[in-house]
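Here is what each chain is made of, one letter per residue.
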Amino acid sequence: MANPELFKDLSSRRLTWLRFKRHKLALASGGFLIFLYFIAAFCEFFAPYEPNWRNPKAIFAPPQEIHVIDSKGDFHFRPFVYGYSLTINPETWVREYTQDPEQIHPIYFFAKGQKYQFWNLFSTEHHFITTASGQYLHLFGTDKLGRDIFSRIIYGARISLSLGLIGVALTLVLGVLIGGLAGYVGGRIDNLIQRLIEVLQSIPTLPLWMALSAAVPVHWSPLGVYFSIIVILSFIQWTGLARVVRGRFLALREEDFVVAARLLGASQLRIITRHLLPSFLSHIITTATLAIPGMILAETALSFLGVGLRAPVVSWGVLLQQAQNFQVIVLTPWLLLPGIFVILVVIAFNLLGDGLRDAADPYGGHQS
Amino acid sequence: MNIDTILSIRGLSVMFKTEIGEQLAVNNVSLDMKRSQTTAIVGESGSGKSVTAYAMMRLIQAPGKITSGQIICTPAQQESFDVLQLADNSNALYHLRGGLMAMIFQEPMTALSPVHTIGNQVMEAILTHQTVTKAEAFELACAMLDRVGIADASQRMQQYPFEFSGGMRQRVMIAMALVCKPQILICDEPTTALDVTIQAEILALLKELKKTIQISLLFITHDLAVVAQIADEVIVMNQGRVLETGSVRQILNDPIHPYTQNLIAAVPGMRQQDRLRPVSSKPDSTDYPSYSLIPLKGDRQVALPVSLVPEEYRL
Amino acid sequence: MGTYILKRLLAMIPTLIIISVIVFILIQLPPGDIISANLAALQQQGMEVSTEQIEALRAQYNLDMPLPLQYFHWIFNFMQGDMGYSIKYEQPVNTLIWERLGYTVIIAVASLLFTWALAIPIGIYSAVKQYSFGDYLFTVIGLLGLATPSFMLALILMYCAYTWFGISVGGLFSPEYAEAPWSLSKTADLLSHIWIPMIVLGTAGTASIMRVMRANLLDELSKPYVVTARAKGVRPMKLIFKYPVRIAINPFISTIGWLLPTLISGEAIVSIVLNLPTTGPLLLQALLSQDMFLAGSFLMLLSILTVLGMLLSDILLAVVDPRIRYE
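Chains as they are written, first to last, in the numbering used here: chain A, 1 to 368; chain B, 1 to 315; chain C, 1 to 327.
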């Protein structure tokens, strides 16, 4: 038998949370994303090296594995990696790094390493992981200039992840304002906005993005380029959200409970804040969550093509620029690692968004 | 078993798996349908009346499941069989659906496919169950539509459901149900979604059809006025159980079970002075404990302990 | 039906006009113009260019006119089929563009067909066998497909083709066919190359369409008309295909409209990775070298393609769904 007591005194927010908690995958994805954003926020601390620091002893070096037992079979309490020894393949003249069991580079936690400016506030030397000076740690290998991929991915996370958030925030503002205007005012203006959205949506996105970002002056500062890319991405993305907002607005305006509130003499403000907004918010949050991966993928694509963010800025897309041809997969597959992070983050956002949608709207669960 | 019983349900239970546990939508229900009569199942929403009907045609789908019972069907000039014993995907089951029993639904607006013509959908019923050519099926369908009162049948066969009014669509549904000459017609609240004048027309049509073709009607409704107009026998259901059965006169004029009495008292009358009495919509099981049906005088049954049944009704 | 198509055709006109204005603005957006870009190149080579020469060049490209006039000049020429002159390739845009556009269309349509051929059956399977192992498996694969950047997928496929079949799969043709006239064997060669871009482009679309199909079908399966058909004794397979699938597929016809722009978008990046002779790489080159006439013409043509795709999908939708025709 149903137990009505179970649902009696729960606010709708609490109910939503209870339903969301049932989606274990969404919950895990949320945790994973919070973890990544945390690392991105403190990337100076978590990365062992500065993104543009070069290790001349390791050019295109493969990832090092972490060991606790050395080649002689002795157990080390402190985990360590092996240093590289370089050989030149006499046939192909390709540099080949092998991990040399003679060179043991212990890993130190919270120890002093490279000096850095933390959030431009103060300078410090403490890193989450580092090695003794003169030794090195390249968990994800190095690129053609001997830069540490692991550090670059962590720094890239700050750019790529924040770009997704800020971009969607901007999209949200544009979409809600314009879509809300269309839905609220209706009539001529609604028609006009509808047309505009249709037009914008019928220009193929990527070429349009490419054209717009090619127009960003080369001499702009990295920060300028960063924000102009966000604006460019939002310039198209808002249309989808505006459509959703408008549609929901129109539908909600005619809902019985809104009509009832109006007939009962509720003020316009009360109707919007007490009735429209709550039933709206969940939709907007889910739509926004599901829009973030689109942003991140778009940035990756643009930067990959060389029309997005540009070095010295480090984003995942910029990192993947080094993987333009498939020789990379054969010779230096670790250069594709930033791509794995892109995939993981996109999947996590999708799962989180699905979970939020189901939690917020248990009956509309399967409209995509 | 009485030869005059076309369908006899014994101990039927249907379980639904929901988020808050398993629920018995139909709980150990037994009832009989007399041949060529109209049996009405009356009850409020959630009483299990529709689920019972769906079970008769084996239309229950996950998360629902028939957990126990027998549904013995005895078609005219045929051996009786248990509907629940038919194998899934067996020919007998597909013959049962549409051939032996047919069903019309509450919402004529959504019960027809919006993207197929009326003709296509009525003819499909014929082509599924009879070996006839398309042309013959067309003729049969036309004749049937004409029979249920749709003018210009051959013209309207080409039209789509959205070009029909609600009452007309319900006529189409009736034609589609009757076109294969089933022996049982289940009407699942067929007039609930229609306005009152159309309701009366559809009821009149059903009554008139029943007179001319040999068919047993199972009428599911919550509307006692409809029951009074059309039913011969009445079964009162609540909370997945049968509370009382009897002839329409017995039940409406002389109800025994307190729930039935409440139900009838709740019907607004023309000259009623008092406030309407609400039927406690979810009666606690303490109000109507699960007594089993006991037979009474005059071929009626009630789910009460003998001690609570007035002397004059007891056998 | 005729009036419906006519109405849709008329509605296209304002859309195209606005698009052309946007594209024109895009052409004008980069700082400087082709002349100054070229001038810098000339001066690097040590050539002196006099002011008169510059003015003459500017006049040749109508750059001395006020902007609105330039727009009308550009759009008028465009409508007559004259798309301007590519400074970078030193050829009229016309000679550069058509063959590449053709390949873009071929790849986009092939990917569209691939997407449908894969996504619709999987979507039906997932809906009918909801929560089965297969359903979960396809959901996971779909999610992966959705999340993998297309260029990475292209790289990985190229690698697989290289290591497993020993073929290099860049381009659309093997070298010996690239310049050859069309023949049966050239077509066969094209087919042996086109599958990689087709799979790469189709994957993301397949993932999303599969989910849409599953959701639509689940919605439809619970509709009363499905129960009606079951109560009529229609067999399960016939029932699923005649009723819910038929209706659940309708939205797909309307997806041609939005799938085409995404495919053309995706095609640009995949072609760059796979080095295909389509519009994408040329557009990128044009943008990077600020050859804005070429870029603008590409953008305009791609947009026209998209608008046509939307028109097509609306007409098809009206054919399959009688309710739309009568609106």
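Treat the hints loosely; a few may be bogus.
Claimed, not checked - DSS-like cross-link-like pairs, simulated, lysine-lysine; straight-line CA separation at most 25 Å:
| no. | chain 1 | residue 1 | chain 2 | residue 2 |
| --- | --- | --- | --- | --- |
| 1 | C | K238 | B | K65 |
| 2 | B | K65 | C | K223 |
| 3 | B | K181 | C | K238 |
| 4 | C | K223 | C | K242 |
| 5 | B | K34 | B | K210 |
| 6 | B | K17 | C | K223 |
| 7 | C | K129 | B | K134 |
| 8 | A | K115 | A | K144 |
| 9 | B | K65 | A | K21 |
| 10 | B | K65 | C | K186 |
| 11 | B | K134 | C | K238 |
| 12 | B | K17 | C | K129 |
| 13 | C | K129 | C | K7 |
| 14 | B | K181 | B | K207 |
| 15 | B | K17 | A | K24 |
| 16 | C | K242 | B | K181 |
| 17 | A | K24 | C | K129 |
Calculated directly from the structure, the hints in this document are not laboratory data.
- prompt: Holds or violated: are the alpha carbons of K129 of chain C and K134 of chain B at most 25 Å from each other?
  reply: Violated, because 34 Å separates the two Cα atoms, which is more than 25 Å.
Hinted pair K181 of chain B and K207 of chain B, Cα distance within 25 Å: Holds, at about 16 Å.
message: For K181 of chain B and K238 of chain C, compute the direct alpha-carbon distance and say whether it is at most 25 Å.
response: Within the cut-off at roughly 22 Å; holds.
25 Å Cα cutoff - pair K65 of chain B, K186 of chain C: Violated, at roughly 60 Å.
- prompt: Are the Cα positions of K129 of chain C and K7 of chain C separated by 25 Å at most?
  reply: With a Cα-Cα distance of about 42 Å, the restraint between K129 of chain C and K7 of chain C is violated, given a limit of 25 Å.
message: What's the verdict on K34 of chain B and K210 of chain B, does the C-alpha distance respect the 25 Å limit or exceed it?
response: Status holds; Cα separation ~14 Å.
- request: Starting from K238 of chain C, check that the Cα of K65 of chain B is at most 25 Å away, please.
  value: Answer holds: K238 of chain C to K65 of chain B is near 24 Å, not above 25 Å.
query: Is the straight-line distance between the alpha-carbon of K134 of chain B and that of K238 of chain C 25 Å or less?
result: holds (18 Å)
- prompt: Holds or violated: K223 of chain C with K242 of chain C, Cα cutoff 25 Å?
  reply: holds (14 Å)
- request: For the pair we were handed, K17 of chain B and K129 of chain C, check the Cα-Cα distance against 25 Å.
  value: Given that 25 Å is the threshold and the Cα spacing comes to 18 Å, the pair holds.
query: Given the proposed pairing of K65 of chain B with K223 of chain C, does the C-alpha separation stay at or below 25 Å?
result: Judged against 25 Å, a Cα distance of about 19 Å means the pair holds.
task: Assess, step by step, whether the Cα of K17 of chain B is no farther than 25 Å from the Cα of K223 of chain C, and give holds or violated.
output: Roughly 20 Å between the alpha carbons, so the hint for K17 of chain B and K223 of chain C holds.
The structure fails hints 7, 9, 10 and 13 (numbered hints given earlier, in ascending order).
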